[in-house]
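Novice: Use these hints to put chain B onto chain A, whose structure you have.
Which chain is which? The protein sequence lines are A and B, in order.
When the letters of the first sequence are read in order and numbered with the numbering used here, they come out as residues 1 to 184.
When the letters of the second sequence are read in order and numbered with the numbering used here, they come out as residues 1 to 177.
No lab work stands behind these hints: they were computed from the structure.
Treat each hint with caution, since some may be false.
With a cut-off of at most 27 Å between alpha-carbon atoms, the simulated BS3-like pairs for lysine-lysine come out as follows [to be verified]:
id, chain 1, residue 1, chain 2, residue 2
1, A, Lys39, A, Lys115
2, A, Lys89, B, Lys69
3, A, Lys87, B, Lys69
Bear in mind the structure is a predicted one, so any value in this text is a computation, not a measurement.
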Amino acid sequence: MISLQQENELIDQVLAGKEEAYARLVNHYQSYAYTIALKILNNRPEAEEAAQDGFIKAFHYLKSFNRKARFSTWLYRIIFNTAISYKRKHKAVLESLDHHDRGAVSADALEAQDKGVYIARAMEHLNEADRLAIQLFYIREFSLEEVAEMTGQQVNTLKVRVHRARQRLADELTRILKAEALTL
Amino acid sequence: MNMEKITDAQEITLQRYLDGELEGPALQQLKQELSSSLAMQRRLEELRPVHDFLSRNSLQAPSATFVDKVMRNLSRGAASPYPSPKNGLMLLAGVMVASGMLAALLTAGTFDQVSGLLSLNQMDVLKNVQAPEIPSVNINGKLVMKILIGVNLVLAFIVLDRTVLRPFFQRRAMMGH
Numbered sequence: 001m002i003s004l005q006q007e008n009e010l011i012d013q014v015l016a017g018k019e020e021a022y023a024r025l026v027n028h029y030q031s032y033a034y035t036i037a038l039k040i041l042n043n044r045p046e047a048e049e050a051a052q053d054g055f056i057k058a059f060h061y062l063k064s065f066n067r068k069a070r071f072s073t074w075l076y077r078i079i080f081n082t083a084i085s086y087k088r089k090h091k092a093v094l095e096s097l098d099h100h101d102r103g104a105v106s107a108d109a110l111e112a113q114d115k116g117v118y119i120a121r122a123m124e125h126l127n128e129a130d131r132l133a134i135q136l137f138y139i140r141e142f143s144l145e146e147v148a149e150m151t152g153q154q155v156n157t158l159k160v161r162v163h164r165a166r167q168r169l170a171d172e173l174t175r176i177l178k179a180e181a182l183t184l
Numbered sequence: 001m002n003m004e005k006i007t008d009a010q011e012i013t014l015q016r017y018l019d020g021e022l023e024g025p026a027l028q029q030l031k032q033e034l035s036s037s038l039a040m041q042r043r044l045e046e047l048r049p050v051h052d053f054l055s056r057n058s059l060q061a062p063s064a065t066f067v068d069k070v071m072r073n074l075s076r077g078a079a080s081p082y083p084s085p086k087n088g089l090m091l092l093a094g095v096m097v098a099s100g101m102l103a104a105l106l107t108a109g110t111f112d113q114v115s116g117l118l119s120l121n122q123m124d125v126l127k128n129v130q131a132p133e134i135p136s137v138n139i140n141g142k143l144v145m146k147i148l149i150g151v152n153l154v155l156a157f158i159v160l161d162r163t164v165l166r167p168f169f170q171r172r173a174m175m176g177h
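If we strip away everything but chain A, and leave its shape as in the complex, we get (with noise of 0.2 Å):
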């Protein structure tokens, strides 16, 4: 971990030429920013290039970053728009639903499971800034005004977002299993 203390000498040494002081800044923040470009691009060489690209950009403007907030949210709508102009650029395919931990999960567990991938599916079916907003509000790493300052939403519009997709999303998934149930 980081003090808030110990990652402005950070930028301070960066900002002064050092640029290994840099990898320290990447190695903490490496899995955040991968995990935002990945809820956005869904496909992970591409969400690792983009971090990665956004990581380079931080550098680059790191000068004019003002300090009044903190690094991280500042880091984190910076990959969050470079990922967004990367879906923009490429049009990224949907992950297959096989990346969403089905092999993380136990025997014991296969009912919840096979829900998590109707509710991976129900997922497609949402809009994007309501599917963001609820993968994102759902880790737990982030807070609720960090998710919304890193896509530049209000609290409480991004509230009703993930009020809504949750919504939707559960009756999408009881719609899917009354579907499954009746051709069972």
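Specialist: Frame of chain A; chain B shown alone:
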């Protein structure tokens, strides 16, 4: 079959309950409502798997070479989808000069005489061919030049947008202003 529907307020309360936001009297009240409402119980059971599934969301780790790749590429600068401002501004200047010249020539009346009927039937190539009658086209030099100026101005606006405006606003968004 119970066709009772829950209200929006109850739906919000259930979602807040799943998020762990309810405490004390609010939590007690919900428990009472749940014990007396089949619709509430059913809706909670519909919402719970969604909540449980999404709660498994966690940070994902990139490849082991992630940091090295970033550090190796720091010197190359951030990739931009837009042309460089220098090239864009040169192109913009060129388009504006061309438009200005066309406008000046138009104002000076250079194209006033360039008009008349263009008859394709009198062309040498078509004289030896048995072709159907082709209608004559009325050419108006001033109108053609005005269209060219208009196209140039649209082009200039696109160049301005791609090389100056969009990068500027994207940069502002990056900085979080």
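Novice: Does each hint fit the structure? Answer for all of them.
Specialist: Taking the hints in turn, this is what the structure says about them:
This hinted pair checks out: lysine 39/A and lysine 115/A have alpha carbons roughly 20 Å apart, not beyond 27 Å. Restraint check: the Cα-Cα separation between lysine 89/A and lysine 69/B comes to about 22 Å, which is no more than 27 Å; the hinted pair holds. The hinted pair formed by lysine 87/A and lysine 69/B meets the criterion: a straight-line CA distance of about 21 Å does not exceed 27 Å.
In the structure shown, no violation is registered for any of the earlier numbered hints.
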